[in-house]
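Chemist: Each chain, letter by letter, is given below.
Protein chains: 2
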Amino acid sequence: MSPIKLDDKQTVVEFLNSFDTFLFDCDGVLWSGTHLLPNVIETLALLKKLNKKVLFVTNNSTKSRQDYTKKFSNFGIDNVTKEQIFSSSFATAIYLKNFTNLDPSKDKIWVFGESGIEKELQEVGFSTIGGSDARLDEPWDQQKTPFLPVDPEVKCVVAGLDTKINFHRLCVTYNYLRDKDVQYVATNIDTTFPGKPYMQPGCGSMINLLTTSSGREEPPNCGKPSQLMLDAVFKAYPELKREKCCMVGDRLNTDIKFGIDGKLGGQLLVLSGVENESCLTDLSHGFILPTFYADKLGDVYEHYTK
Amino acid sequence: MSPIKLDDKQTVVEFLNSFDTFLFDCDGVLWSGTHLLPNVIETLALLKKLNKKVLFVTNNSTKSRQDYTKKFSNFGIDNVTKEQIFSSSFATAIYLKNFTNLDPSKDKIWVFGESGIEKELQEVGFSTIGGSDARLDEPWDQQKTPFLPVDPEVKCVVAGLDTKINFHRLCVTYNYLRDKDVQYVATNIDTTFPGKPYMQPGCGSMINLLTTSSGREEPPNCGKPSQLMLDAVFKAYPELKREKCCMVGDRLNTDIKFGIDGKLGGQLLVLSGVENESCLTDLSHGFILPTFYADKLGDVYEHYTK
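Protein chains in written order, with UniProt numbering: chain A, 1 to 306; chain B, 1 to 306.
Calculated directly from the structure, the hints in this document are not laboratory data.
A virtual CB, placed ideally from N, CA and C, is assigned to each residue, including glycine.
You may find that some hints are simply not true.
[To be verified] Cβ-Cβ distance ranges computed for the label pairs, FRET-style:
hint	chain 1	residue 1	chain 2	residue 2	range
1	B	Ala134	A	Ala236	44 to 50 Å
2	B	Ser32	A	Ala236	51 to 57 Å
3	B	Pro146	A	Leu148	34 to 40 Å
4	B	Gly215	A	Gly125	37 to 43 Å
5	B	Asn51	A	Pro139	29 to 35 Å
Assemble the whole structure, with the sequences as input and the hints as a guide.
Modeler: This is the structure in structure tokens:
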């Protein structure tokens with residue numbers, strides 16, 4: 001079925017009536033880099049007034065959910081709580097605690113990545129080592145590193161985007177991964193991430209370095225479109241009904257695929273991020289099509305109040 | 001034909017009579033880490049006495065050939081000149097100068113890697129940027145980096161092992177690679193390299209990070225077993241006859257494959273490095289077999305002088 005454009009009041013009202021929960025991607029939907037997109041605050045306020053549940057689903061692993069709430073308030077989006085936020089680091093923590101045989105009371109985790117990963121893992125009870133430990137900022141010296149030999153209590157490596165990547169972190173992580181009994185999980189596999197003005201290599205590229213060197217299989221990952229992320233959402237909100245949920249995002253191959261694979265009731269593609277309208281007719285992306293689309297999220301508010 | 005073991009005088013004499021040039025891998029053949037292997041100096045002296053030509057072929061790109069001669073003299077192996085040494089960084093320089101349309105008088109090269117690459121490229125006339133420039137040791141700040149926007153005179157990225165890998169170097173390199181008109185060459189693709197006591201991620205793993213993030217095709221590489229390395233040898237010594245050359249190494253899938261693919265007269269596998277005798281009967285490596293093998297290089301001297 002062709003995607004329906006949200007471009008008049010009646011369509012928007014029917015769209016809103018179809019769902020009781022909206023899951024939002026953030027960058028390219030709510031904001032673009034450091035710039036809030038138009039009528040986002042008004043649209044979120046409208047959803048609240050209509051008693052809709054609003055959740056935010058981001059592949060960003062570098063911040064904890066608590067730290068991520070500050071990003072919302074910095075944009076003037078108030079009253080977002082950490083319980084509304086699902087990041088790939090939180091999804092990873094939920095996955096490891098609930099869907100693996102790891103025991104937080106005795107199994108440690110080696111982290112290749114930033115503090116968001118450490119904080120979320122610690123919040124569900126795991127001890128972590130590595131990650132943002134400043135001793136890893138020192139040059140690699142295999143005779144002197146305090147991080148080797150490997151700690152036999154480490155039963156899992158979690159790897160995410162690490163803008164402090166260096167040879168010391170790579171060498172120690174590699175030596176943990178050489179033991180095939182140590183589990184290996186990636187927060188997400190986005191190969192790039194946008195910066196202003198420059199695009200940057202993403203988590204998935206760093207994962208490839210670790211996977212190649214260690215000769216491991218590709219690890220499971222907890223970022224969109226992986227359903228491990230949606231598992232984390234339904235673990236936190238078991239009362240949600242998939243058919244009453246709508247995923248809102250700006251990327252077909254992550255956000256919209258995430259909603260389709262998860263059998264959510266609908267998906268809204270907004271054209272304020274990486275995609276433009278031509279993606280709806282160019283089917284080279286493999287027939288990933290949303291149920292709805294709009295030029296931008298703020299159109300929901302603008303048409304509703306016309 | 002089954003590999004012939006060099007374990008008596010007659011076999012060694014026939015082996016030596018079959019070749020006039022010996023190409024040596026270094027680590028695992030001449031030395032192991034910081035430890036010289038037995039009777040290596042004596043074997044090299046014997047080859048010299050017999051008027052054999054001796055060359056050294058290493059995938060190490062971090063040192064220039066001139067710097068690499070010091071490594072030989074530190075082991076007590078004297079009189080090795082830079083003209084005898086073929087490193088993957090030198091092979092890359094020869095490849096770019098002779099086998100591409102790059103013009104050293106105006107085309108610059110962005111280096112992801114260490115000083116050995118810069119020195120060899122500069123020696124054949126190229127201007128390089130990036131590499132060991134200390135400003136790249138600073139944290140990545142896309143607003144402040146002096147390395148972006150990209151220099152339009154850069155027509156090629158050369159990537160090799162970089163133990164100073166950091167996000168700044170990765171981001172700038174990635175932004176050069178995004179332009180598909182910029183050529184992309186790897187010094188070598190070894191996924192790991194040995195250290196004592198710890199194995200370490202190698203050049204090929206870093207190449208995979210760059211290739212994945214930029215969406216580029218896998219680059220050509222100039223390290224063994226790539227024949228671009230052998231092209232550099234024959235460019236420097238056009239008088240060599242392949243059937244009179246013997247490759248000596250400790251790895252089937254790099255050294256011995258290099259000799260076989262290059263149709264050299266013979267290959268000698270020494271078991272003082274990564275392989276042991278079982279590799280000669282375990283054919284899971286794809287039927288790569290040397291013509292000769294020995295427990296160690298020094299056996300040549302020991303049996304010859306019996």
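Chemist: Does each hint hold? Answer for all of them.
Modeler: Here is what the structure says about each hint:
Distance hint check: the CB atoms of alanine 134(B) and alanine 236(A) are about 47 Å apart, consistent with the given range 44 to 50 Å. Checked against the hint of 51 to 57 Å, the pair serine 32(B) and alanine 236(A) passes, with Cβ atoms roughly 54 Å apart. Distance hint check for proline 146(B) and leucine 148(A): the Cβ-Cβ separation is about 35 Å, which falls inside the suggested range of 34 to 40 Å. Between glycine 215(B) and glycine 125(A), the C-beta spacing of about 39 Å keeps the proposed range 37 to 43 Å intact.
Remark: the range hint 29 to 35 Å for asparagine 51(B) to proline 139(A) is contradicted by a beta-carbon distance near 45 Å.
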